[in-house]
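Student: Each protein sequence line maps, in turn, to chains A and G. Position 46 of the first sequence, counting from 1, maps to 33 under my numbering, and the rest follow consecutively. Position 75 of the second sequence, counting from 1, maps to 62 under my numbering, and the rest follow consecutively.
Just so you know, these hints were derived from the structure itself, not from any lab. Don't take each hint at face value.
As the list claims (entries may be wrong) - List time: in silico EDC-like cross-link candidates among lysine to aspartate or glutamate, alpha-carbon distance up to 20 Å:
hint, chain 1, residue 1, chain 2, residue 2
1, A, K(-2), G, E49
2, A, K75, G, E17
3, A, K(-2), A, D16
4, G, K75, A, E17
5, A, K41, A, D16
6, A, K75, A, E17
7, A, K47, A, E78
8, G, K47, G, E64
9, A, K(-2), G, E17
10, G, K75, G, D16
11, G, K75, A, E22
12, G, K41, G, E64
13, G, K47, G, E22
14, G, K75, A, E64
15, A, K47, G, E22
16, G, K75, A, D16
17, A, K(-2), A, E32
18, A, K(-2), A, E64
19, G, K47, G, E32
20, A, K(-2), G, E71
21, A, K75, G, D16
22, G, K75, A, E71
23, G, K75, G, E17
24, A, K75, G, E64
25, G, K(-2), A, D16
26, A, K47, A, E64
27, G, K75, A, E49
28, G, K(-2), A, E17
29, A, K75, A, D16
Said to hold, decoys possible - Stretches of chain G that chain A covers, calculated by requiring three or more beta carbons in the stretch to come under 8 Å of a beta carbon on chain A:
hint, segment
30, 30 to 43
31, 46 to 55
32, 62 to 74
What the hints assert, rightly or not - Derived coverage of chain A by chain G (criterion: at least 3 residues anywhere in the stretch with Cβ under 8 Å from a Cβ of chain G; other residues may be distant):
hint, segment
33, 30 to 40
34, 64 to 75
In this text the structure is predicted, and so the values were computed from the model without any measurement. By construction, the Cβ of each residue, glycine as well, lies at the ideal position given by its N, Cα and C atoms.
2 protein chains.
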Amino acid sequence: MAKKFAELRDKMSPQAQARVEARVKEVIDEMALGELRRARGLSQEALAIVLHVKQPSIAKLEQRTDMYISTLRSHIEAMGGQLEIIAKFPEGAVRIANFSSL
Amino acid sequence: MAKKFAELRDKMSPQAQARVEARVKEVIDEMALGELRRARGLSQEALAIVLHVKQPSIAKLEQRTDMYISTLRSHIEAMGGQLEIIAKFPEGAVRIANFSSL
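Start from the sequences, fold in the hints, and give me the full structure.
Tutor: Here it is, written out as structure tokens:
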């Protein structure tokens, strides 16, 4: 999956790649899935191709406020990222392992 | 939720903000949900009471490798934690906002 994203990105001009990188770096905080996709320089159509779905499915997913972790993981990986599930406590943070091996 | 957190954070001193960031970076142990519960000193029975379910539901959930984000969130919150969904990219990490307001 990540491989396909790399292929898409390699087709972008160096300027466009630099622009995407700068934009992603700027991002520290919180983004909705649609914002994140745009920050990655991807269209809903491009992401749909990577995920073997139709563009409206991407549009719909980006509006959802709940979904299976596996669905979110595929979506993030299609954008070239890695999903991390963290439980934060006053004493520290723990990565939840249940879902890592999927 | 995100807004409220941002407001809280903005009220923190730069030193406190840096401390929080360092702690988030310093992350993390990886644990399965059952290990995490035990590390929190909780029994399945205790967690079941908090979540208004029966103990076997907790046992079952701890074995799952996929679930709805809202289910995981309730489970983490019942242990006194906060769920954070992060997308990691080579250029940086982004907190996914879609699920924050549930």
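Student: Each hint: holds or not?
Tutor: Structure-based check of all given hints:
no.: 1; hint: A/K(-2) with G/E49; verdict: 43 Å, violated
no.: 2; hint: A/K75 with G/E17; verdict: 12 Å, holds
no.: 3; hint: A/K(-2) with A/D16; verdict: 28 Å, violated
no.: 4; hint: G/K75 with A/E17; verdict: 12 Å, holds
no.: 5; hint: A/K41 with A/D16; verdict: 29 Å, violated
no.: 6; hint: A/K75 with A/E17; verdict: 16 Å, holds
no.: 7; hint: A/K47 with A/E78; verdict: 37 Å, violated
no.: 8; hint: G/K47 with G/E64; verdict: 18 Å, holds
no.: 9; hint: A/K(-2) with G/E17; verdict: 36 Å, violated
no.: 10; hint: G/K75 with G/D16; verdict: 17 Å, holds
no.: 11; hint: G/K75 with A/E22; verdict: 15 Å, holds
no.: 12; hint: G/K41 with G/E64; verdict: 17 Å, holds
no.: 13; hint: G/K47 with G/E22; verdict: 14 Å, holds
no.: 14; hint: G/K75 with A/E64; verdict: 9 Å, holds
no.: 15; hint: A/K47 with G/E22; verdict: 35 Å, violated
no.: 16; hint: G/K75 with A/D16; verdict: 12 Å, holds
no.: 17; hint: A/K(-2) with A/E32; verdict: 15 Å, holds
no.: 18; hint: A/K(-2) with A/E64; verdict: 18 Å, holds
no.: 19; hint: G/K47 with G/E32; verdict: 13 Å, holds
no.: 20; hint: A/K(-2) with G/E71; verdict: 33 Å, violated
no.: 21; hint: A/K75 with G/D16; verdict: 11 Å, holds
no.: 22; hint: G/K75 with A/E71; verdict: 7 Å, holds
no.: 23; hint: G/K75 with G/E17; verdict: 16 Å, holds
no.: 24; hint: A/K75 with G/E64; verdict: 9 Å, holds
no.: 25; hint: G/K(-2) with A/D16; verdict: 16 Å, holds
no.: 26; hint: A/K47 with A/E64; verdict: 18 Å, holds
no.: 27; hint: G/K75 with A/E49; verdict: 18 Å, holds
no.: 28; hint: G/K(-2) with A/E17; verdict: 18 Å, holds
no.: 29; hint: A/K75 with A/D16; verdict: 16 Å, holds
no.: 30; hint: 30 to 43; verdict: violated (count 0)
no.: 31; hint: 46 to 55; verdict: holds (count 6)
no.: 32; hint: 62 to 74; verdict: holds (count 10)
no.: 33; hint: 30 to 40; verdict: violated (count 0)
no.: 34; hint: 64 to 75; verdict: holds (count 10)
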